[in-house]
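Sequential numbering of the sequence shown, starting at 4, is according to my numbering.
Keep in mind that the hints were calculated from the coordinates and are not lab data.
Computed from a predicted structure; not experimentally measured.
Do not rely on the hints blindly, as some may be mistaken.
Stated by the list, open to error - The following label-pair restraints were derived from C-beta to C-beta distances:
id	residue 1	residue 2	range
1	310	353	20 to 26 Å
2	457	353	20 to 26 Å
3	240	310	42 to 48 Å
4	339	240	49 to 55 Å
5	218	360	55 to 61 Å
The beta-carbon is built from N, C-alpha and C at its ideal position, and this holds for glycine as well.
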Amino acid sequence: MDATLDATTAGRTAAGVVALADTRTDSPEAGPAGEQPAAAPPAPPAPPATPTASATSATSATSVPAETSGVSGAASVAGPRPDPAGDPAVPAQAGPGGSGRRSAESAQRQPRPVVTELRLSAFGPHRSAVFPLGPLTLFAGPSGSGKSQALAAYEALAALGSGATLEEVFPDPRARIPDRAVPDAQRRRGFRLGCTVDGPVGPVRLDLAVQAEPTLRIVGERLSQDGQILLATALRDPGRRSVQAAWLTGGAIGVTRAPLPDDRLGTALLPLRVAGSTAGQRQVLAAAEQVVVALRAVFPCDPRPDRMRAAVPPGEGRLLGDCANLADVLRRTRSECGTRHALLAEAARTGCAGPVAGLDVRAPAGGGPVAAVLDRGPGRPATELARLGAGELRFLALALVLLTGPGVLAMDPAAELLSARQALTVLADGFDRGLDRRQSAELLRLALLSCGRGHIRLVAAVGEGTAAAARDLPGIAMVDLRA
4 MDATLDATTA
14 GRTAAGVVAL
24 ADTRTDSPEA
34 GPAGEQPAAA
44 PPAPPAPPAT
54 PTASATSATS
64 ATSVPAETSG
74 VSGAASVAGP
84 RPDPAGDPAV
94 PAQAGPGGSG
104 RRSAESAQRQ
114 PRPVVTELRL
124 SAFGPHRSAV
134 FPLGPLTLFA
144 GPSGSGKSQA
154 LAAYEALAAL
164 GSGATLEEVF
174 PDPRARIPDR
184 AVPDAQRRRG
194 FRLGCTVDGP
204 VGPVRLDLAV
214 QAEPTLRIVG
224 ERLSQDGQIL
234 LATALRDPGR
244 RSVQAAWLTG
254 GAIGVTRAPL
264 PDDRLGTALL
274 PLRVAGSTAG
284 QRQVLAAAEQ
294 VVVALRAVFP
304 CDPRPDRMRA
314 AVPPGEGRLL
324 GDCANLADVL
334 RRTRSECGTR
344 HALLAEAART
354 GCAGPVAGLD
364 VRAPAGGGPV
374 AAVLDRGPGR
384 PATELARLGA
394 GELRFLALAL
404 VLLTGPGVLA
414 MDPAAELLSA
424 RQALTVLADG
434 FDRGLDRRQS
444 AELLRLALLS
454 CGRGHIRLVA
464 AVGEGTAAAA
474 RDLPGIAMVD
484 LRA
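With the hints as constraints, model all of the structure from the sequences given.
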């Protein structure tokens with residue numbers, strides 16, 4: 004969806020192929036201080052459009068810089084495949100060969116839908132950043148380098164994929180506008196983000212442009228695979244709260260056009276709008292469902308020790324994102340998940356001070372709130388979790404998350420796919436916050452163990468101490484950011 008194209012696509016554009024219309028939400032000259040205009044951040048994603056004045060302007064470009072990676076190396080961004088009829092708004096029909104073969108190979112690599120790349124074209128401090136994501140990915144860097152913003156972008160995509168509205172996902176959208184971005188002639192500013200989801204149908208790209216000012220709305224979305232646009236949306240009439248969408252249909256119709264809300268992710272709505280009666284529709288559905296499954300299987304976790312100390316009423320035993328109901332979840336795991344509960348107790352021996360014989364739960368005889376305790380062994384009084392240090396509580400909560408699955412977490416994964424066919428991704432900003440070196444090392448060990456099995460992935464931001472230890476461990480992908 005990036006309005007900027009790689010050198011190859013730019014060459015085709017210069018040769019006369021109509022490019023996607025430019026709906027940039029910041030000025031093309033709005034780069035960091037001292038930047039030359041040619042190195043300015045890419046514009047927001049290009050929506051589908053018939054040739055217009057803005058489209059003509061977009062085609063006049065003769066060279067556009069490719070996106071560069073926020074980690075070592077660089078990655079070029081493939082441009083959209085133009086429609087044979089010359090209408091850039093129309094998703095092109097797949098040609099014979101190639102695509103199916105690559106998808107089959109990808110299916111062997113990724114049997115479960117997972118996000119393998121996060122793209123922040125213009126988001127907070129990030130410009131033209133591409134972050135590859137592995138089973139265990141740690142973001143490291145000094146304060147202000149953008150670790151939290153990167154995880155916030157991933158969390159936002161996950162929430163949109165689960166059906167949330169823009170207002171729910173971005174309560175303060177101005178905080179996501181790129182640094183030093185200036186408004187355009189219509190006084191618009193915004194941000195752009197996207198991801199790649201690999202899985203049974205092969206890599207699928209999702210790119211999104213969001214206008215933050217003067218009103219919050221989606222102004223462009225693109226779902227593509229192997230360079231072929233499957234869904235594209237564009238803001239046609241600013242006076243209406245909708246975008247014009249076009250998705251691949253195939254057959255005699257070719258393309259279906261319809262309005263979609265401008266405050267929700269169109270990709271998440273496709274399964275409700277596409278019948279799947281043609282090969283093109285089935286291709287669109289398969290790609291959209293793969294993206295939605297991967298984005299819905301995300302659990303943002305930020306344990307709050309101040310909320311974890313009090314006894315809690317018994318409930319369904321599903322861990323909240325702030326882990327405030329940890330005692331109730333331990334009550335459930337003790338009775339239903341004996342093996343995992345024992346693994347957690349074993350981890351507590353490393354992460355908690357003093358002897359630990361096990362984890363137990365106490366409740367009043369007549370019912371009421373439950374409290375978790377550390378069993379200190381025969382002849383020793385148990386210690387309530389309320390008396391533990393903040394680091395010990397965060398350690399126990401994060402260890403529990405890594406040792407469990409969606410059924411024990413307060414999340415709503417895609418019900419249409421068996422849990423064994425999904426991979427849970429845990430997002431943890433400040434993964435090692437408040438932890439000592441011993442606790443951080445034990446959590447990394449648990450993460451490597453769980454992520455190595457393929458059913459859990461971890462994307463976390465860590466401090467320099469944990470990052471230094473992790474760099475020497477195989478199986479961990481480090482993303483080093485610099486302020």
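Given the range 20 to 26 Å, decide if the beta-carbon distance of residue 310 to residue 353 lies inside it.
-> holds (24 Å)
CB-CB spacing for residue 360 and residue 218 relative to the 55 to 61 Å hint = holds (58 Å)
Cβ separation of residue 457 and residue 353, checked against the hinted range 20 to 26 Å | holds (25 Å)
Look at the Cβ atoms of residue 240 and residue 310 and judge whether their distance stays inside 42 to 48 Å.
-> holds (45 Å)
Could you say whether the range 49 to 55 Å given as a hint is met by the Cβ separation of residue 339 and residue 240?
-> Since the Cβ atoms of residue 339 and residue 240 sit about 53 Å apart, the hinted range of 49 to 55 Å holds.
In terms of the numbered hints stated before, the structure departs from none.
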